[in-house]
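2 protein chains.
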Amino acid sequence: MPTYTAPVKDMQFLLHNVLKVTASDTPGYSELDESFTAAVLEEAGKVATDVLAPLNAVGDREGCVLENGVVRTPKGFDAAFKAMKDGGWTALDCDPDYGGQGLPYLMGSAVGEIFVSANMAFNMYQGLTHGAYSAIHTHGTDDQKATYLPKLVSCDWTGTMNLTEPHCGTDLGLMRTKAEPQEDGSYLITGQKIFISAGEHDLAENIIHLVLAKAPGGGEGSKGISLFIVPKVLVNEDGSLGARNSLSCGKIEEKMGIHGNATCVMNYDGARGWLLGDLHKGMRAMFTMMNEARLGVGLQGYAQAEAAYQNALAYAKDRLQGRAVTGAENPSGPADPLIVHPDIRRNLMEQKSFVEGARALTFWAAHLIDRSVRQGDAAAEGLVSLMIPVIKGFQTDKGFDMAVQAQQVFGGHGYIEEWGMSQFARDARIAMIYEGANGVQALDLVGRKLAQDGGKHVMAFFEMVKAECRAHDGDDRMKGFAEPLKVASKQLQQAGMFFMQSGMKNPNAALSGSYDFMHLMGHVCLGLMWTRMAKAAHEALDAGHADRDYLEAKIATGRFYMARQLPACGMHLARIESGADTVMALSAEAF
Amino acid sequence: MPTYTAPVKDMQFLLHNVLKVTASDTPGYSELDESFTAAVLEEAGKVATDVLAPLNAVGDREGCVLENGVVRTPKGFDAAFKAMKDGGWTALDCDPDYGGQGLPYLMGSAVGEIFVSANMAFNMYQGLTHGAYSAIHTHGTDDQKATYLPKLVSCDWTGTMNLTEPHCGTDLGLMRTKAEPQEDGSYLITGQKIFISAGEHDLAENIIHLVLAKAPGGGEGSKGISLFIVPKVLVNEDGSLGARNSLSCGKIEEKMGIHGNATCVMNYDGARGWLLGDLHKGMRAMFTMMNEARLGVGLQGYAQAEAAYQNALAYAKDRLQGRAVTGAENPSGPADPLIVHPDIRRNLMEQKSFVEGARALTFWAAHLIDRSVRQGDAAAEGLVSLMIPVIKGFQTDKGFDMAVQAQQVFGGHGYIEEWGMSQFARDARIAMIYEGANGVQALDLVGRKLAQDGGKHVMAFFEMVKAECRAHDGDDRMKGFAEPLKVASKQLQQAGMFFMQSGMKNPNAALSGSYDFMHLMGHVCLGLMWTRMAKAAHEALDAGHADRDYLEAKIATGRFYMARQLPACGMHLARIESGADTVMALSAEAF
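Going down the list, the protein sequences come from chains A and B. Going letter by letter, the first sequence gives residues 1 to 591 in full-length UniProt numbering. Going letter by letter, the second sequence gives residues 1 to 591 in full-length UniProt numbering.
Among the hints, erroneous ones may be present.
Chain copies aren't distinguished; within one or between two, either way the pair holds.
Said to hold, decoys possible - Taking lysine-lysine pairs in the DSS-like style, the calculated list, with each CA pair at most 30 angstroms apart, reads:
no., residue 1, residue 2
1, LYS75, LYS20
2, LYS317, LYS251
3, LYS223, LYS317
4, LYS505, LYS317
5, LYS317, LYS178
6, LYS505, LYS479
7, LYS85, LYS9
8, LYS75, LYS251
9, LYS479, LYS20
10, LYS456, LYS490
11, LYS20, LYS178
12, LYS490, LYS479
Because the hints were derived from the structure by calculation, they are not lab data.
Could you build all of it, start to finish, from the sequences and the hints given here?
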């Protein structure tokens, strides 16, 4: 069965050597000294290793069961959920006014990675609750906050997000769920929602559903949609639980993975709900949570790859098969370990260099969200909003690919459920789909984010990359970093230029290249991260940092990424510049 | 539930317009006129659509069950297997001396694709039997042939191949299964084999296991291994069935996919076996079957992608979501079909252009095998032996990727088992692993095949590609084909040159690039196929072929592949030329 150990050393390097958190003027960062963050991350690691990871295969095997309207989660989930609550982990980055611990979102993300790596399906119960918390915290009335937030912070109640209907996923304008206003100011919600993660379960005494629905007067399309709070159990004025609301789970889905999380069909039959935020502005309310939600999914992508990598690495060191081509490395044994073989190493290095690069990018983005939320830093907000579709789309595509590669290290054993490697791939697969399928991320990036605020944010990104390259001019130690980054960033700019020139005449020319652009930008982002990490590692080495082996491995891993992964940028550019002609040539009938 | 229709038109185009089979001097090809091949393929298509495809999801859901040593296959498999036998499908390309129909291997492959697309797990029972048939046909004594072949041809008995043991997969030198010679010339086989597909089931009255084992005197390593025929039920001299042999299925594995096929742990407890071929030359006997077996797996790769593509295409035409960016295309409906969106088209075109290219490559390779086997054409044998690792490795990697992309078209519905798209991805995944994991294919290609017979075959391949490019010099209609192919083939040659120059000094430099070389060569092969198909399509258009729409779509699809997929070659070359340094930099402890 797979095991998991939290990568605390790598996280500490990012927090303290790369992001230098205690030196930051972001409110709350000054408290994040090395011993404090180490204590938090190590404690989270213990919970992950001892409590969550052993339940990962259990959840996959048992799945959730719907009986008489009640969903039973896998054996052990209940106790583990209680342990998470009792340990205060659900409250980590929540508002102290409602029982939270007020730590920065950056710390919430680091701890989140640890929990997601150990057990993605389990962690979704808490993750969705955090989403509901954020929505109510941002858009709720004082009464709503007082009623719901403390319970969501403690996870005594959990939350959900209800968007999708059978006939509409991406195109929410087609939505049919209706909200009828009542005299007391509440609404009666009627309709069917599907793919509702954690829509029904036995881990909490109440579930707070946030439901998108159409109230009268909103007009056609997605702009007239409103967001409602629809509790499973109605809450009395004194905060105690009252009657069951008119809603039920009609079915749970059989899925490729994340079996431990109940994916529900939810039926609202005149269920009582209350408007959250402004009438007919539900989409706007959703969008304010989108950055965090999509960053969370991008995090799932590399977190699954991390867990898969740890196990592939252990297997590659342990399994004896064949001999090194340059001479036996384990001459006293019957064969050499797999890790001596160059193609196994190529595979492992691809995993390692992706995961560490994606972690750096995710932590940086979480830091930008902290700057945006805690400091009102508009530049940070613009930049992170530009990068979110890249983080979500690129990291989940690559995270899945890497989980598949980790599985490949095991040969036939990787295909057998007993070894647990299949689960990493199956679980990781969903992250490419939900919270906006990756094609939609690419569309958001190219069709919306590039031009946002007159293209200011993408220009700022280009300038930032240029400055990073310039900063290492003439520094021989950084040669394998600054030069490839420069080449790749020029290719990215050239692609952007192509979109500007040809997209004006023919929007299909830009949109045909959107997916490649998302990946091209992903590689440039990771190239930038690796350049910064290499620089930080050299600084730490110069300063006499104790763990030279770790720092030297960090630099070597970065060199691999720059030499072996950045060449993908040229391919993506060539695809983009081939334009729409071959993509759009066939009529639908000619396929 | 997914549906499947055999791509008869596309197969006919390959057989008659590209390969021009009736004009070939290959024995047996003159009979393959258009109406005959159409009749065979359409009849196979009916079986696939009506009998096999409906059982695909059933097999996935029910799986196989082991009870008291007996494996029960999914409901309906038994009747379907009988239908395949009664229809003569199992005998199609087998030797008429033993009840076969004697059709070329090429036709067996075309029909095989149809059955594999419809139900991969089901078709493995027959596929492995065909492998055992080939082994006994090639290496058996007259007695062995007379005893086993007619029953294997009819699939009254099925076959298996037993290589892997718990501690050894690729490295068969570590094998522990023993064969003790008996006075009557037979052997007693003792040991445990794992991952034995179709090792035990209820579809046939006997199972003929081919087992690799070590007989005394063979020395250490893989060279001393011998191959044995070990029937589940002993066969009396008169051909009737006798006593049960001392072998049993100890367990069936829970797998990521191909649930309908029983993957068995087989225990041989002094089971009686008979030597097949020469003593201590079992590996050589295995290798003679390797080309066909690996081509069959490469075929599974694109056959799964074909089935997935058909369903993704239907969904993209049917599902209404969003509006075309250039203006509504379905103004009277609530939204446009998915297929109007450029990124959905990019996705579909990637699937379509891969599947059609891979089909062409596979058919061509099957044709070369026919020339090699039926005509003793050594050049054809050398060429196909060079291409086999590419066909196996590249086509199964891409086949899986494309099945995943097809799943992506469905959004959340792709992740739900109900829609069947997850199964295509899960089933396709195994093809990257068995019959030599794809890393081993890359090693075979770069470490063995490139240099085989003094590099004669790879040189012949380069010359063939060059000649193809030259043939279209100045032909404007072929501009989008010959030029990109020329660029890509130069990149391939440059990579080969790098291996020659640096691999001499450091074998790791070549092996670090082996996987990229396999993919680079895969793209060049498909580029060559697309160039040939475009030429054939133009010829047919010039000749006034009736189906202009099909031929024009063929050319447009080829243009997509050349413009959008061949640019991967430059990336692979850059990775290869970065050498071993970054791949091998870390010590095993530093990971």
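- Query: For the identical chains here, do LYS505 and LYS317 meet the 30 angstroms Cα criterion within one copy, between copies, both, or neither?
  - Reply: Close across copies (26 angstroms), not inside one copy (55 angstroms); limit 30 angstroms.
- Message: At most 30 angstroms between alpha carbons: which applies to LYS20 and LYS178, within, between, both or neither?
- Response: neither (49 angstroms within a copy, 62 angstroms between copies)
- Homomeric proximity label, LYS317 with LYS178: Cα distance no greater than 30 angstroms: between (58 angstroms within a copy, 28 angstroms between copies)
- Message: My question is about LYS505 and LYS479: at a cut-off of 30 angstroms on alpha-carbon distance, are they close within one copy, between copies, both, or neither?
- Response: So LYS505 and LYS479 pass the 30 angstroms test across copies only (25 angstroms; inside, 40 angstroms).
- Message: With identical chains, the pair LYS223 and LYS317 could be close in the same copy or across copies; at 30 angstroms between alpha carbons, which is it: within, between, both, or neither?
- Response: Between copies, since 26 angstroms is at most 30 angstroms while 55 angstroms is not.
- Message: At most 30 angstroms between CA atoms: does that hold for LYS317 and LYS251 within a copy, between copies, both, or neither?
- Response: Between copies only: 28 angstroms across, 44 angstroms inside.
- Message: Reference check for the pair LYS75 and LYS251, CA-CA at most 30 angstroms: within, between, both, or neither?
- Response: both (20 angstroms within a copy, 25 angstroms between copies)
- At 30 angstroms max between alpha carbons, let me know whether LYS456 reaches LYS490 within a copy, between copies, both or neither. within (17 angstroms within a copy, 41 angstroms between copies)
- Give the relationship of LYS85 and LYS9 under a CA distance limit of 30 angstroms: within one copy only, between copies only, both, or neither. within (26 angstroms within a copy, 61 angstroms between copies)
- Task: Check LYS75 against LYS20 for me: Cα-Cα at most 30 angstroms, and say if that holds within a copy, between copies, both or neither.
- Result: Neither, since 42 angstroms and 62 angstroms both go past 30 angstroms.
- Task: Classify it for me, LYS479 with LYS20: is the Cα-Cα distance of at most 30 angstroms met within a copy, between copies, both or neither?
- Result: Within one copy only: 24 angstroms inside, 55 angstroms across.
- Query: Between copies, within a copy, both or neither: which fits LYS490 and LYS479 at Cα up to 30 angstroms?
  - Reply: Both. Shortest intra-copy (17 angstroms) and inter-copy (29 angstroms) distances satisfy the 30 angstroms Cα cut-off.
Violated hints, listed in ascending order, are 1 and 11; each of the other numbered hints is respected by the structure.
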